[in-house]
Each structure stands twice: as C-alpha cells, then as structure tokens.
Amino acid sequence: MSIAHEFEYARPASLKEALGLLARPVQGGAVPLAGGTDLVAWLRDGAVSPGRLVDLKGLEELRGIRLKGGRLWIGANTPFAEIIESSLVRRHAPTLAEAAGMVASVGVRNRATVGGNICSAVPCCDSGPALLVHEAAIHVATRRGTKSIPAGKWFLGPRRTALAKGGIVLGMSLPLSRHAGAFAKLKRYRGEDLAQASVAVRVDARGVWRVAYGSVAPTPIRGPKVERLLRGEKKPSAALLKKAAVLAEAEVAPITDIRSSQAYRRLMVGVMLKRAVRLAVARAAGRGPAYGINILEEDAK
Amino acid sequence: MKEIAIRLNGEIRRVVVNPNETLLDVLRGKLGIKTPKEGCGRGDCGACTVLLDGKAVRSCLILAIETDGQSVVTLEGVGRKGPTALQKAFVKNNTFQCGFCAPGVILSASALLAGKPQPTEHEVREALAGNLCRCTGYEPIVETVLAVARKNGRKATIRRKRP
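Protein chains in written order, with our numbering: chain A, 1 to 301; chain B, 1001 to 1163.
Since the hints were made in silico from the structure, they are not lab data.
Warning: the hint list may mix true and false statements.
[Said to hold, decoys possible] Cβ-to-Cβ under 10 angstroms is the rule here; a few derived chain A residues that face chain B:
(1) I3
(2) A4
(3) E6
(4) E8
(5) A41
(6) R44
(7) D55
(8) G101
(9) A104
(10) G107
(11) R109
(12) G191
(13) E192
[Stated by the list, open to error] Taking lysine-lysine pairs in the DSSO-like style, the calculated list, with each CA pair at most 30 angstroms apart, reads:
(14) B:K1116 x A:K187
(15) B:K1037 x A:K187
(16) A:K68 x B:K1055
(17) A:K274 x A:K234
(18) A:K57 x B:K1037
(19) A:K225 x A:K235
(20) B:K1055 x A:K57
(21) B:K1002 x A:K165
(22) B:K1030 x A:K57
(23) A:K57 x B:K1116
(24) B:K1002 x A:K16
Glycine is no exception: its CB is placed at the ideal position from the N, C-alpha and C atoms.
Working from the sequences, and respecting the hints, build out all of it.
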C-alpha cells in the first residue's frame, strides 16, 4: 500500500529558501516535512494532500540543543532519541526527557522530531504537557521575521496550531529553574502506544506547581484549578491530593474513542495526578526513582 | 522523478524515485531487497525496520527521496561475512516461528547491541517494543538477545583480565 497522492519534494539549504518554497503557490499547498512519522502516514491515508513537501532537515537553524540567553534551546529538528540522550535536557528539563522516552518506539523516536510533534498537534502528543509545565516558548520564522509564541497559546485544536501559514518552527526554549517533575502516560499495554491520558507536573523550590494533561481535551491543556489548590504545598497531604484528584477529573474534557472511554480517562487522570505529584515530591527531596520511568508501570515501583 | 544515491549494505546504489515512493517501496520494488516487510504501513509493527546511518528506523514512514546520500543497511547487509553472533544465537535457540518479524527484530537488536553490548532486560524490551511478533510471545526473543549480551559480558571480562 503505497502513497497514491503525487507531490513535489524540495530540500532547501537555507531558511530563506525554505520560507520561499512554502510561500510559492502550488495546487494543494506546500507543507513542511520534518521526521515525517506523522506526515507520511497521513499522506498514505489520504488525510492530507499537499502539492509540495518542503524538507526542513537540511536547515542549520533548526538543529542542536544548547544553553542560550539563560534558557535551554532545543532545535525543532531534534529527534526524540536525542532529547532522551541529551545531558542538557536531562539536567534542565528532565520531565521532557521522561516524556520523550515514552514516545512510540525506538524506531520512531530515532526519526520523529519534537518540532514535528508540536506541529502535528494531535491531542495525545507526548511533548505537549511537558512543554506546557515548562512554560516553553515556541520560536517561529515567517517571511516577515521571527517571533516566539508561548506554549500555552500554541495548541488551538486537534492538528491546529498558532503557526501562521507558511511559517516554520525553529525550535523551543525553556526557562531554567530548579524544579522537580514527573510525566505519567497511560497506555493500553506496555511498549508503544498512543496515550489514553497523560499528566505532567512540575514543582519549584517555593512549592509552586504546574500541571498539564494530554489526551483528555482537544489539545494538551494546563490544569489551573489543581495548580491553585496545590500552590505553596511542597509536600501535599493525602487529603489534599484526594481533593486535587477530584479537581483534576473536573478540569479535563475527555472523549470516548477507540483507545478508551471518557469515564476511564477521567478517573485515571485523578489517579495519575496523585502518583505524579508524589513522584515529583520525592524527586524534589532527592529521593524517588530517576527520570525515565513510567510511574504507571510496575517496573517503576 | 529524481535520481538518488544511497549506500545500500555497503554498495553505492543509484535509483530513480518518485517523491511519493517510500524507502520501503524502493527497496522492495526497485532494488531487489526483500527482507524489510510491509506489515502495518504506519510505523507501529516494525517489520519494515532498516538502519539509516546506523539507526533503526521505519522504512515505511520515510520517503526514499529523503535518504539521498545516506547509508541504508537491511538484513541482507548484516553478517555478509557469515552470520553474526546474534544471528547464530537466534538460529541455535530456534527463536522465530513464521519469521515475518525476524528481519526487523534482528536489525533493532543489532543496533542496540552495537551501541550497548551488555544491555539490561529492560533495555532489550524497550529496544524491541516497536517490533511486533505474533508467534513467540516475545520471551524467546528477549532471552536470545540477553544470552548474546551475557556472552559479550564474559568476553569483556576475559579481555579485562588479560595483562
């Protein structure tokens, strides 16, 4: 079963050339290609039918992981496998590394990029909740120049983002701060699966919590009610966590689909929030399992 | 149509491709390479696994035209000077049944062992999580890779002991 739809392919060597190729009119429009693990599957399904693919893999501007201006910069073309291995990400954004480790399987992680993941913008995208709790900035280039968009304003709906037509994501930058976090992903089975639900949490030294959910709304979303309840609580009591779980169940809006029912998703968000918060508390105290586990799996205990 | 050149199993091969042909299409249909299989055609099953510049990837999700100038290794290119220790171990343990997943499993496990000669069981399971097998229940596959890992460990110990 091959791809029936025909299109042009271009691999520009410069950002300017890439923006020009995305802007130049073509029947069906031009779309950027990164790792292609979503796009090629969508082409095969006939879900998209662009007239031109603009391969961004040759662009220097989209490469690398480094500290820049007091922030952690991650180039859009970074595959998840490199995020997991990066000592900079593991040190400054370990929750993102933990989430990256749960993306599909090794063969996909070697190819799928973090920039592609946020541009595909499916509700279950694993990088979304982690970038939300980090309050990352998404840096984009258009023919008019570059600008940055807060992660909280990036996701507009399923497969819809704030990226202007013809724009290119250069990368994302995360503020640096002492914190601990955790990412929990619910799957139907071990190994690879799309998330039935996911929860990311982050707590700083003052007990300020940030919480985000995936797969339980049209986009990855923050959990402002739970964040307010937990504010200032470096070690929430069991009673408070129970309240937080109830609030979490109320602030998500899941649907029923092939991967699980609405009720199951809602219930599990509460369970996952409690476990993720406990894990983050333990990590903040220098205890608890190292990053790179899934708290929902037995191995993690 | 565009001519691309890839280093396929160590040899430079030139082939004319359409932008909408996947690497898997071109390997199987134009280059006579039949070990990568089309299972799901969407990156879930791992039957189409090949090594692209040494890394295990899904050839069904990569356009051939993207790989111009890169190195591709398929099972045909593994153990060209005789079966590798991993392949011998799979044969010895009679690990596979129908064999449809075997090329992908061998490539994924080879990539793992190349980077990490003594992986833990968790690492083996993680590396093979994207290679679905409907016959074995996975236990014999994981066991065999771990047996090779243990053997690598013994070799490393012997090397260390030598003056």
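Verification of the supplied hints:
no.: 1; hint: I3; verdict: holds (4 angstroms)
no.: 2; hint: A4; verdict: holds (8 angstroms)
no.: 3; hint: E6; verdict: holds (6 angstroms)
no.: 4; hint: E8; verdict: holds (6 angstroms)
no.: 5; hint: A41; verdict: holds (5 angstroms)
no.: 6; hint: R44; verdict: holds (6 angstroms)
no.: 7; hint: D55; verdict: holds (6 angstroms)
no.: 8; hint: G101; verdict: holds (8 angstroms)
no.: 9; hint: A104; verdict: holds (7 angstroms)
no.: 10; hint: G107; verdict: holds (5 angstroms)
no.: 11; hint: R109; verdict: holds (9 angstroms)
no.: 12; hint: G191; verdict: holds (3 angstroms)
no.: 13; hint: E192; verdict: holds (5 angstroms)
no.: 14; hint: B:K1116 x A:K187; verdict: holds (27 angstroms)
no.: 15; hint: B:K1037 x A:K187; verdict: holds (26 angstroms)
no.: 16; hint: A:K68 x B:K1055; verdict: holds (29 angstroms)
no.: 17; hint: A:K274 x A:K234; verdict: holds (14 angstroms)
no.: 18; hint: A:K57 x B:K1037; verdict: holds (26 angstroms)
no.: 19; hint: A:K225 x A:K235; verdict: holds (18 angstroms)
no.: 20; hint: B:K1055 x A:K57; verdict: holds (16 angstroms)
no.: 21; hint: B:K1002 x A:K165; verdict: holds (28 angstroms)
no.: 22; hint: B:K1030 x A:K57; verdict: holds (25 angstroms)
no.: 23; hint: A:K57 x B:K1116; verdict: holds (27 angstroms)
no.: 24; hint: B:K1002 x A:K16; verdict: holds (23 angstroms)
Every hint, counting from the list given before, is met by this structure.
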